[in-house]
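Residue numbers (the numbering used here), protein chains in the order written: chain X, 1 to 424; chain F, 1 to 424; chain L, 1 to 424; chain D, 1 to 424.
If you are wondering where the hints come from, they were derived from the structure by calculation, not from laboratory data. Incorrect hints may appear among the rest.
It does not matter which identical chain is used: a pair holds within one copy or between any two.
[What the hints assert, rightly or not] Straight-line Cα separation of at most 30 Å, DSS-like style, residue types lysine-lysine; simulated pairs:
# : residue 1 : residue 2
1 : Lys368    : Lys234
2 : Lys183    : Lys132
3 : Lys327    : Lys66
4 : Lys66     : Lys132
All figures in this text were calculated on a predicted structure; none of them were measured in a lab.
Protein chains: 4
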Amino acid sequence: MTAPAPAPADIFAKRESEVRSYCRNWPAAFDTAQGARIHDRDGRSWLDFFAGAGSLNYGHNNPALKQALIDYISRDGVTLGLDMHTEAKRMFLESFERRILQPRNMDHKMMFTGPTGTNAVEAALKLARKAKGRQSVVSFTNAFHGMSLGSLAVTGNAFKRAGAGIPLVHGTPMPYDDYLDGKTPDFLWFERLLEGSGSGLNRPAAVIVETVQGEGGVNVARAEWLRALAELCKRHDILLIVDDIQMGCGRTGAFFSFEEAGIEPDIITLSKSIGGYGLPMALTLFRPELDIWEPAEHNGTFRGNNPAFVTATAALDTYWSDDRLTKQTLTHAERVEAALAAICAEHQDAGARYRGRGLVWGLTFADKERAAAVCARAYDLGLLLETSGAESEVVKLLPPLTITPDELDEGLAILTRAVAESAS
Amino acid sequence: MTAPAPAPADIFAKRESEVRSYCRNWPAAFDTAQGARIHDRDGRSWLDFFAGAGSLNYGHNNPALKQALIDYISRDGVTLGLDMHTEAKRMFLESFERRILQPRNMDHKMMFTGPTGTNAVEAALKLARKAKGRQSVVSFTNAFHGMSLGSLAVTGNAFKRAGAGIPLVHGTPMPYDDYLDGKTPDFLWFERLLEGSGSGLNRPAAVIVETVQGEGGVNVARAEWLRALAELCKRHDILLIVDDIQMGCGRTGAFFSFEEAGIEPDIITLSKSIGGYGLPMALTLFRPELDIWEPAEHNGTFRGNNPAFVTATAALDTYWSDDRLTKQTLTHAERVEAALAAICAEHQDAGARYRGRGLVWGLTFADKERAAAVCARAYDLGLLLETSGAESEVVKLLPPLTITPDELDEGLAILTRAVAESAS
Amino acid sequence: MTAPAPAPADIFAKRESEVRSYCRNWPAAFDTAQGARIHDRDGRSWLDFFAGAGSLNYGHNNPALKQALIDYISRDGVTLGLDMHTEAKRMFLESFERRILQPRNMDHKMMFTGPTGTNAVEAALKLARKAKGRQSVVSFTNAFHGMSLGSLAVTGNAFKRAGAGIPLVHGTPMPYDDYLDGKTPDFLWFERLLEGSGSGLNRPAAVIVETVQGEGGVNVARAEWLRALAELCKRHDILLIVDDIQMGCGRTGAFFSFEEAGIEPDIITLSKSIGGYGLPMALTLFRPELDIWEPAEHNGTFRGNNPAFVTATAALDTYWSDDRLTKQTLTHAERVEAALAAICAEHQDAGARYRGRGLVWGLTFADKERAAAVCARAYDLGLLLETSGAESEVVKLLPPLTITPDELDEGLAILTRAVAESAS
Amino acid sequence: MTAPAPAPADIFAKRESEVRSYCRNWPAAFDTAQGARIHDRDGRSWLDFFAGAGSLNYGHNNPALKQALIDYISRDGVTLGLDMHTEAKRMFLESFERRILQPRNMDHKMMFTGPTGTNAVEAALKLARKAKGRQSVVSFTNAFHGMSLGSLAVTGNAFKRAGAGIPLVHGTPMPYDDYLDGKTPDFLWFERLLEGSGSGLNRPAAVIVETVQGEGGVNVARAEWLRALAELCKRHDILLIVDDIQMGCGRTGAFFSFEEAGIEPDIITLSKSIGGYGLPMALTLFRPELDIWEPAEHNGTFRGNNPAFVTATAALDTYWSDDRLTKQTLTHAERVEAALAAICAEHQDAGARYRGRGLVWGLTFADKERAAAVCARAYDLGLLLETSGAESEVVKLLPPLTITPDELDEGLAILTRAVAESAS
């Protein structure tokens, strides 16, 4: 495809629904991208600290993956395979087993769902309900798990929930780590509800949790909180689902974000960066004893998106045969934290605070509007940055893991300037 | 990617969930494909009358689309764009407007949802509920709309519904065309329910319908039935959603399957073949006055799967700038119908009957098990054919639209032989 | 109690909710009543063809029951007994067994629920769901089963349903006898839904039905329709619940309204006239194998309303030790039918039509407003008559079963005159 | 009615459902009762510290009420009046206004619902949902509001909830006063959920609360907790429903149990003792601006149980024209508390503890089984006492308010002895 003749500027406005959102803050029409940089047709470019909402951990159009992809397409590899056996899927399964599961002593089975995060979550919830014979699922304040009705029912955002058009039921929210006053014992309420036979809680089949809530405002659960949660689930015969769609695939350092806490969830959802190249792919993993599905009890046309298997395999082989990427992520993390600490020190009067882990960080201000102003200024200065949180009150840093130190410094410098220049 | 060293035959069994299904009937591990043919590593090949469950209307790895795709990847075109403006999306929007909407005088707006059919349906249902302020949606017997909870609630299959693990509510089934005894007036029951204030029907926001029920058994609605349905919806202020995910993109001849009936739905869902190359993509179209979405009220990470926009655009430009494909489909249809008529004539004693439209056809026998036997034999003879229907009682023919007459004849000959050789 | 000093006329308007309804058509403040007559304080009296919405089958303040009641109260019989054993309850159980169950060879067990019809229905639905492990219940167009959420979900009236304030789910309406066009085979749709595994029907635990729909417009199911329904339930392992709250206790002739059809429901609800004197009482009967309740799994404070047991026993002993009441009801029925036939003959031009059975009859006109006008005129002329039906389009006749022939004639004469004088 | 000839001992077992419960602990067949005493046919009698689960605040067959009732029945007062105006209802309305509402400056309107507590709660929930246009209702741990589906959804008891046979939704439990660890600030969680737009809480239409949870284990909310709850509801535009079915009508001293806290609920439910004599009656009160019901939008056959209006009026006139009963209740309360304090002092080693207010008290032991043992022993010694709490772990004292000091002492002495004699 060669770039098209200039189009009427308003084809997007004319034909695309009002539902679109990112393009409102970033009005450029992007065209090409490599690594941590994205470009529009007029030659303007931005450093990308958004990384496809965490789907581009290995950067845009990563060369190693790109070559594998072009090779596969060129040789007419099967593109859409439903759930047929294909060589591309076989290679992915083998690589995932060798690089990820075996080293961690995990015997989980894999299910390829429709290639979006919400499809993987829907499958996880169905399986948990089937396995336990219960309907209710516990989720957490500020959780985000997806927009189809099953996932939305365990998502916290009131605006997104209202979009359902029907009452969302069968989910019960519990306070996420540090949601309350910092003094209330963790799980006090949850555990009392489970223990009391008069509590009114519909006994849950499962708990679904993110180790770091990306969309919810970069809320970081402590490892001990996660361990206590896993323990509580075990004690009460509740399945633990970790939604690792945004935080998995190395975002926090290790491949799975829950490894640091030393827990092993019953069910795990992966999507976003699992395909490696930004191609749609989603996986639900579960302990083998939970593999009680009947054939075709859950399905989806694009669950066999073979080009994504190819790039996913290349990503595993390139980045997860040793611990170099993990180490680099943790090194990068120190750089980010230092920059954020400096920003917060300088903007103490504005109530600047930061939090994060690995390469996901959040920056907040007393004035909740400030985050949007920082991101807007950053865009002008050549950096893509998004807000998160229920009130868009958090500047979220989500650079590619493969970003170079220089690019990282450059982005952090722009952030520092954007903060300074966004004071009202 | 070069093909891998032989893998342990059982990695699929070892690591992939029991939920997989197609691979059980087609045990080959497929590797490459072109047009109407798919191959395994050992050089065996099959004619494909399944076409990715209708996702490969233009055949496997269609050369025109393939080139555009490789070019785009090679020049580092943006891969994952969320709902940012990209040049690839702009080209798709323009092409879709020029090739599809304008010639049909349609002023619908487009919404890119997560790239699977069920995501497009979830968006359609949300929008209808929001627009009408009602919760209930009417669907039809044997409907299939997807596996996430919103779509599953309007899907008929009892086995798939049971997988939800919660009661599926807010949907009411009505009899599809020819579901009853052939004597009861169409919509008698539906209309009485709507008219009576004591009927107990929760007033629906929308009706969702397929013009041909592919998964449900190749049930073909007559044009006059569809027109009467559209009329009824209008009269009762109910939105009409046509789920054209499997039947759209030329499967029945015209681009939209409802064109023949001369109706114009309020909301249309597209997926499967819209991406052209088998890459995940999904669209929800709706009348402009229904575009009441707030920004980000519905979203999804992979809704900006730009490689699919590229192949989708190439497909529109290649196949929908004139009516050649439509005409060819209708010509092919005659060939298929003739072959099916011959089969049915020969197997009258087995109660063989056929039905279909365009390039979607179904073949049934008095013995419901026969369909599976036919497909199994066809596989052995080199033809991929699937069953459909709630009891897998229908042999479904879904060849690529771009199949050559010779290939079509070859496939029909294999089918004829498979029928003959599957008698018990 | 002596009658009070005249009260401010508007205490009702001042303090009673706008929800009240009967008093809007019948503005008198009633004070005393005997048999088929009710009186206000100023000495005006009305013949009562409403009978407490079917709760006063034995007339107002029936002397035989009144004496038993006064005796019981006078001797300090236990008033409220919860579900403790009391002598009054024992006597009721014995009498109900002797007079009702044994002669009909019924081995049903009895459950005293909170003393309102809707409580009995809630218990019936709970039990059916528990017994079958399914959630859905099939009800019929124009059904009325009560106003608490469980019962309301199986009630047809759209206005009353809307009052729930939440979507009412887990119920599916089916066409009642003669609801469609009179040509469609009975249960064609229902049976197809049950047979097809792709129908989208949530498999029901039970069907709940009234043999005559009193509130729904005096719709009379034919005996063969009821038999076919019972047969269908049996064939598909669905429980049959007959809600005999308004039509039981002799209203249609026999004690149970379903006796004429020769069916034996799995679950039966009774209330209204079972207490005999208009005192609150309700019963749910079920086959002994359905008695799978745990102690206290369903309860209610006033389920042991012992004064009602006393009058209920007296009613059984007085009226159901032989078949005189049944015969008299059928004789009365002929008188009513003759009068209605005459009215309809005279008002053929107004489209007058009647229907009914036993002592429940409905009279309709082409002009749906006419029914209300007839009732209003009847009130002025000294007869209490109510409308029923979703649009209040039916004049409903529901005189006490114990009415004298003279009173019946008097009431029918007033009705005849009210029809004549209500023509617009 | 004269007492019947001895009946087969097992008519209850033979014909009454297994659902019955009280009769299992109290196997006597009770026959007559006066004041605080109840008798069986054989002359055995018990002091009644259960009082019809709080429905007999004025004792069994209270002479003043009894005379009014017999007079009304004798003069053929209307028995069942639906929602027609009757003289008996007029008198009740006037008396309730004069004795209860006016002295408290309450302008609430009254709605007579089906005469059971759960019907009053169903009406309250419907009204709240209609008024606020929201579906969700917040209730509290260990709440009990009734057994029909609407009320059950806001009831805590897991066993009773399971009886629904469908998932109970649209309710969210919050911790009742002192449910957590005594250190967590009241409403910390609730308020955070309401304030956070990402909390996942479906915004509630109303909160429903009991000031003392009778069935839930005699849990007493502090006045300041109730005030803070009322304040929170106001701040967040949520309706406050006080379910005063068991604790109203003087049980805690004042007529309404919430008066002590100085709050004024938007909606109040009354039943149990409102009828005075144990006759079924129920009321829902609400602020006049909430009277948005349409006529007949909620109804029920026995909502006009006129004999109950008569005894209710007599009870109001006899006991609520001055504050003598309130004072006596508080005096009685001191007596009860002293006795319980003594018991707990004596049985400190068994972990005996008590709590209560007015004439509702609970006694617990470290060994949860002890409560049932105490009640069983009390029965043998001539005292009716019931357990409450989700695990039946609380001995509940609920004597008639009109009990004499001597009877109270006698009952407390039996209790003291039963505690002593139930040690294992």
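| request: Please flag the earlier hints that this structure goes against, numbers listed from lowest up. | output: 2, 4
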